[in-house]
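Quick note on numbering: the sequence shown equals residues 364 to 614 in our numbering.
No lab work stands behind these hints, which were simulated from the structure alone.
Just so we're clear, the structure is a prediction, and the values are computed from it rather than from any experiment.
All C-beta atoms in this analysis are idealised placements derived from N, C-alpha and C, irrespective of residue type, glycine included.
Treat each hint with caution, since some may be false.
To be verified - Calculated pairs, DSSO-like style, for lysine-lysine (alpha carbon to alpha carbon, straight line, at most 27 Å):
| # | residue 1 | residue 2 |
| --- | --- | --- |
| 1 | 497 | 439 |
| 2 | 404 | 439 |
| 3 | 431 | 480 |
| 4 | 497 | 390 |
| 5 | 480 | 404 |
| 6 | 390 | 431 |
| 7 | 480 | 567 |
| 8 | 439 | 510 |
| 9 | 467 | 431 |
| 10 | 480 | 497 |
| 11 | 367 | 497 |
As the list claims (entries may be wrong) - Quick list of the computed label-pair ranges, beta carbon to beta carbon:
| # | residue 1 | residue 2 | range |
| --- | --- | --- | --- |
| 12 | 467 | 566 | 32 to 42 Å |
| 13 | 540 | 436 | 18 to 28 Å |
| 14 | 367 | 600 | 16 to 26 Å |
| 15 | 572 | 408 | 32 to 42 Å |
| 16 | 401 | 575 | 36 to 46 Å |
| 17 | 566 | 610 | 11 to 21 Å |
| 18 | 566 | 408 | 13 to 23 Å |
| 19 | 565 | 539 | 26 to 36 Å |
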Amino acid sequence: MTDKIRTALVTGASRGIGRAIAVGLAKRGYDLAINDIERQKDVLASVAAEIEALGRRALAIFADVSNKGEVEAMAKTIAATFGHLDAVVNNAGILIAGDVDGLKEEYWDSVMDVNAKGTFLVIQSVLPMMKARKYGRIVNIASIGGKHGAPSQAHYSASKAAVMGFTRVLAQEVGVDGITANCVCPGIILTDMGRVNLDDPTVKKSWQDKTAMRRIGDPEDVIGAVAFFASDDAAFVTGQTLNVDGGIVFS
Numbered sequence: 364m365t366d367k368i369r370t371a372l373v374t375g376a377s378r379g380i381g382r383a384i385a386v387g388l389a390k391r392g393y394d395l396a397i398n399d400i401e402r403q404k405d406v407l408a409s410v411a412a413e414i415e416a417l418g419r420r421a422l423a424i425f426a427d428v429s430n431k432g433e434v435e436a437m438a439k440t441i442a443a444t445f446g447h448l449d450a451v452v453n454n455a456g457i458l459i460a461g462d463v464d465g466l467k468e469e470y471w472d473s474v475m476d477v478n479a480k481g482t483f484l485v486i487q488s489v490l491p492m493m494k495a496r497k498y499g500r501i502v503n504i505a506s507i508g509g510k511h512g513a514p515s516q517a518h519y520s521a522s523k524a525a526v527m528g529f530t531r532v533l534a535q536e537v538g539v540d541g542i543t544a545n546c547v548c549p550g551i552i553l554t555d556m557g558r559v560n561l562d563d564p565t566v567k568k569s570w571q572d573k574t575a576m577r578r579i580g581d582p583e584d585v586i587g588a589v590a591f592f593a594s595d596d597a598a599f600v601t602g603q604t605l606n607v608d609g610g611i612v613f614s
């Protein structure tokens, strides 16, 4: 890689883990393309302002990652603005809880469309930029839920397992182009989406007690693993999955 200024795209960057990752990468010297859906416009603007306050460039792009046309337009905007893309962090994701026997088909489709198909579409749109330079770092945010799951989250677990399987194959296909692809699997993290598991104090304590570190994670806990996979320190690491869960899953 010859460009001095590194650029990264973070999807679902308006809040929670995505926001933490975007700001964390800015602190490490990256210019950022930050993405979310348009109804997150105001909060995404605040993330952009925070990045710019660190002396980095911030490009806010509204796109539904499950919509191919919007994703392709996003990639073109990034190319026109930055000229290249060093890293992409596929963080956008949703969770709509529901037991299997009563789960609505549209809930299954929505979760799979954003979490699994969205990851695929974003990668497909930015691969030409990375292949042209023979360099790229792909970091897909999966979940420990994709490894062992939890009641009322069958569709979410299936979507995150799909992301991990997809990433392993992707790594084999793009390695020859100087591109790595890895997954980070957060555990129970205190975010708006994570509160599905944490609203009940008893449930929250149960999860806390399951961790070796006896605490719930913060979004900032995820930054280091993502930054590692996005860096040249991980140049010979690909197709891997790293749990960031305080010690819940040990494989």
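Per the hint of 32 to 42 Å, is the separation of the Cβ atoms of residue 572 and residue 408 within bounds?
Given range 32 to 42 Å: holds, Cβ gap about 39 Å.
Pair hint outcome, residue 367 versus residue 497 [Cα-Cα no greater than 27 Å]:
15 Å, holds
Taking the beta carbons of residue 565 and residue 539, is their distance inside 26 to 36 Å?
Since the Cβ atoms of residue 565 and residue 539 sit about 51 Å apart, the hinted range of 26 to 36 Å is violated.
Would the pair residue 390 and residue 431 pass a check requiring their Cα atoms to be no farther apart than 27 Å?
With a Cα-Cα distance of about 31 Å, the restraint between residue 390 and residue 431 is violated, given a limit of 27 Å.
Look at the Cβ atoms of residue 540 and residue 436 and judge whether their distance stays inside 18 to 28 Å.
Given a distance of about 24 Å, which is inside 18 to 28 Å, the answer is holds.
Proposed proximity, residue 480 with residue 431 (alpha carbon, max 27 Å):
9 Å, holds
Compare the distance between the alpha carbons of residue 404 and residue 439 with 27 Å, and conclude whether the hinted pair is satisfied.
Within the cut-off at roughly 20 Å; holds.
Given the hint of 11 to 21 Å, check if residue 566 and residue 610 actually sit that far apart at their C-beta atoms.
18 Å Cβ-Cβ, so the 11 to 21 Å window holds.
For residue 480 and residue 567, compute the direct alpha-carbon distance and say whether it is at most 27 Å.
30 Å, violated
For the pair supplied as a hint, residue 480 and residue 404, confirm whether the alpha-carbon distance does not exceed 27 Å.
23 Å, holds
Do the Cβ positions of residue 566 and residue 408 conform to the proposed distance bound of 13 to 23 Å?
34 Å, violated
Verify the proposed pairing of residue 480 with residue 497, using a straight-line Cα cut of 27 Å.
Cα-Cα ~25 Å, so holds.
Violated hints for the displayed structure, listed by number in ascending order: 6, 7, 8, 12, 18, 19.
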